[in-house]
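Engineer: Here's the letter readout for the chains.
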Amino acid sequence: MSRAARTIRVETLARVEGEGALHINLIGERVADVKLRIYEPPRFFEAFLRGRHFSEVADITARICGICPIAYQMSAIHAVERALGLRIDPAVRMLRRLFYCGEWIESHALHVYMLHAPDFLGYQDAIAMAKDHPEVAQRALRLKKIGNKLVSLMGGREIHPISAAVGGFYKTPRPEQLQELVEELKWAVDASIATVKFTAGLEFPDFEQDYEFVALRHPDEYPFNEGRLVSNRGLDIDAAEYEDTFLELHVKHSNALHSVVRGRGSYLVGPMARFNLNYSTLSPSAKQVAADVKLKPPVRNPFRSIIVRAVELVFACEEALRIIKEYEPPAEPRVEAPNRAGVGQAITEAPRGILYHRYAIDEKGLIVTAKIVPPTSQNQKRIEDDLREYAGRLAAWPLDEATWKCEQAIRNYDPCISCATHFLKLTVERDDEVQK
Amino acid sequence: MKTQIIGCGNRNRMDDAAGALVAERLRRMGIAAEIQDGGAFELIASWERQEHVILIDAVVTGSPGGTIHVWEGTPPRLPRTQQISSHGFGLAEALRLGKALHCLPEHITVYGIEGGEFGVGDNISPEVLAAVTRVADLIAAELRSQDLPPAETDIVQLSGH
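From first to last, the protein sequence lines are chains A and B. Going by the numbering used here, the first residue of the first sequence is number 1, and it counts up by one from there. Going by the numbering used here, the first residue of the second sequence is number 1001, and it counts up by one from there.
It is worth saying that the hints were derived from the structure and are not from the lab. All residues carry an ideal CB built from backbone N, CA and C; glycine is no exception. Fair warning: there could be bad hints in the mix.
[To be verified] In silico DSS-like links for lysine-lysine, alpha-carbon gap of 25 Å or less:
{"no.": "1", "chain 1": "A", "residue 1": "K186", "chain 2": "A", "residue 2": "K197"}
{"no.": "2", "chain 1": "A", "residue 1": "K325", "chain 2": "A", "residue 2": "K149"}
{"no.": "3", "chain 1": "A", "residue 1": "K149", "chain 2": "B", "residue 2": "K1099"}
{"no.": "4", "chain 1": "A", "residue 1": "K131", "chain 2": "A", "residue 2": "K325"}
{"no.": "5", "chain 1": "A", "residue 1": "K131", "chain 2": "B", "residue 2": "K1099"}
{"no.": "6", "chain 1": "A", "residue 1": "K171", "chain 2": "A", "residue 2": "K325"}
[Stated by the list, open to error] In silico contact screen, one side only, chain A against chain B (beta carbon under 10 Å); selected entries:
{"no.": "7", "residue": "A21"}
{"no.": "8", "residue": "H23"}
{"no.": "9", "residue": "E106"}
{"no.": "10", "residue": "L121"}
{"no.": "11", "residue": "G122"}
{"no.": "12", "residue": "A126"}
{"no.": "13", "residue": "I127"}
{"no.": "14", "residue": "A128"}
{"no.": "15", "residue": "K131"}
{"no.": "16", "residue": "L141"}
{"no.": "17", "residue": "N148"}
{"no.": "18", "residue": "R322"}
{"no.": "19", "residue": "I323"}
Extracted from the complex, chain A is given alone in its bound form:
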């Protein structure tokens, strides 16, 4: 084979998307300043959406995130359906839950094993971990693959799913297609239970915080697509009241807006919040294994979120099996969605926490305004607050170890910039330097 010019010096294999940096200013053991910088452009999409027909919103917003496209599709579709006043077939509703199970399995397996576990086991990355613990990596790969299969079947293709639509799905699976996943999902329940036990055996820093946990709550179901937004400090609202309750603040150092509860401050979204607020609706195996490893709400140590994520993995696999078992295809894949002017808001539970969408639609069905608040921006201030408490304890540590610990603390939140936080640029200014 002929070859063109070559070089052996690769500094970077391409795929540049999202970047995070952390700046911590320490004076003695006092943390004077913490800045987590994120470059994520969801606002870009909000402007993009204006003037587009509501039927395009799910496919456009799915492109915001390669890890959680389904969350974007679900929040978008529910918000549009609400604006249009549509009622959805209960069978479609269950399929949407199944779709979400696939995304949680993919995302949680990736984060628990490949992004977060190496921190606890003292490896620089998952590949180094895989050399010593091949069985752990194999389990992760197989779990992730099951999530991919489910998403691929429901979404029409593996990346950038295209089947979800306002009113339902463009195409719904046949029962026998779902049946093909059953054996693998049964394995996945057991593998997830093993994952909970594996994570519970890790060592955790003694670090608890007094969080305001915010998550959806549904009377009968562990939340995906529906429910009221609640917190452990008395919040109990409909999605329509979201913007009256939460405030987005622009901070100079980040492209992502900081979210706060009006009059209170930072809050936490994601697995720990869901677990603490919805423990009673977890599936039987998920509850059992949580009890086995003595994980009870309220969990307030963010490092232990890795166990909670594993418990949610058990839930997602078991819930997928339940839905497949009870599945009867809807009479029609989707209900008609006629043009109508209106405003709709929706919140769904992305793997890393609540995702808020609002759309105003005109009488021709075109988007007038769009608003999207992703979970990572909601957690951003809370991550800084954690670091403000945590970094002071690391003041005497060598810089590289302190850096690693801070990165681990950020990864507790599974931010959608996990890629970037793996290469976190940490600047620690110490008091002697500050005085210079």
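Given the coordinates of chain A, work out where chain B should sit on it, guided by the hints.
Structural biologist: Frame of chain A, contents of chain B only:
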């Protein structure tokens, strides 16, 4: 020898699309090629039990835009990367992880196309587009040299129902 072709890339990140564009061009030539976003897990899953895999991806090495790099071996010895895929696990990591887990194909060829611009959008640098054509031709020629009619290559199509 069975050959699987996987082009990695994001069509919305300018020159990053190079690998996907090569795969599309090969498809137009009647050669089956898969398109992936370059996630390590997905790569490992799709090359399971393959004999020969050809991977195409955009790279940044400091060479002029459009430079074509070729690495071969089991696995190819790619120089260490500093910055990798959007989710932390890209092609280079797939190779390293595959090696650690003993699940690599028997033979791997990696084509790297030097990219210049990775912003948001679908504009591709002219020199990268030229390299895309060149790499597709190289791969087609390689398949011909194996005396295998392209249509008989054993390719798994992942996208679409």
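Engineer: Against each hint, give a clear statement of whether it holds in the structure.
Structural biologist: Taking the hints in turn, this is what the structure says about them:
The hinted pair formed by K186 of chain A and K197 of chain A meets the criterion: a straight-line CA distance of about 17 Å does not exceed 25 Å. Of the pairs offered as hints, the one joining K325 of chain A and K149 of chain A holds, with about 17 Å between alpha carbons and a cut-off of 25 Å not exceeded. Among the hinted pairs, K149 of chain A with K1099 of chain B is consistent with the structure: their alpha-carbon atoms are about 24 Å apart, no more than 25 Å. With a C-alpha separation of about 38 Å, the suggested pairing of K131 of chain A with K325 of chain A is violated against the 25 Å cut-off.
Between K131 of chain A and K1099 of chain B the CA atoms are separated by roughly 9 Å; this keeps the pair inside 25 Å, and the hint holds. This hinted pair checks out: K171 of chain A and K325 of chain A have alpha carbons roughly 19 Å apart, not beyond 25 Å. Nearest Cβ of chain B to the Cβ of A21 of chain A: about 13 Å, over the 10 Å cut. The hint is violated. Proximity of H23 of chain A to chain B is violated relative to the hint, the smallest CB-CB distance being about 19 Å (cut-off 10 Å).
Proximity of E106 of chain A to chain B holds as hinted, the smallest CB-CB distance being about 8 Å (cut-off 10 Å). Here the hint on L121 of chain A is broken, as its CB sits about 14 Å from the closest CB of chain B, past 10 Å. Annotation: interface hint on G122 of chain A violated; nearest CB of chain B at approximately 16 Å, more than 10 Å. For A126 of chain A, the shortest C-beta to C-beta distance to chain B is roughly 7 Å, which falls under 10 Å, so the interface hint holds.
About 5 Å separates the beta-carbon of I127 of chain A from the nearest beta-carbon of chain B, less than 10 Å, and the hint is met. For A128 of chain A, the interface hint holds, the least distance from its beta-carbon to any beta-carbon of chain B being 8 Å, beneath 10 Å. Nearest Cβ of chain B to the Cβ of K131 of chain A: about 5 Å, under the 10 Å cut. The hint holds. Look at L141 of chain A: its Cβ gets to within about 6 Å of chain B, closer than 10 Å, so that hint holds up.
Evaluation of the N148 of chain A hint against chain B yields a held restraint, the C-beta minimum of about 7 Å falling below 10 Å. A distance limit of 10 Å between C-beta atoms decides the matter here; for R322 of chain A the minimum to chain B is near 25 Å, and the interface restraint is violated. Violation of the interface hint for I323 of chain A is found here, the shortest Cβ-Cβ separation to chain B being roughly 20 Å, above the 10 Å cut-off.
The structure fails hints 4, 7, 8, 10, 11, 18, 19 (numbered hints given earlier, in ascending order).
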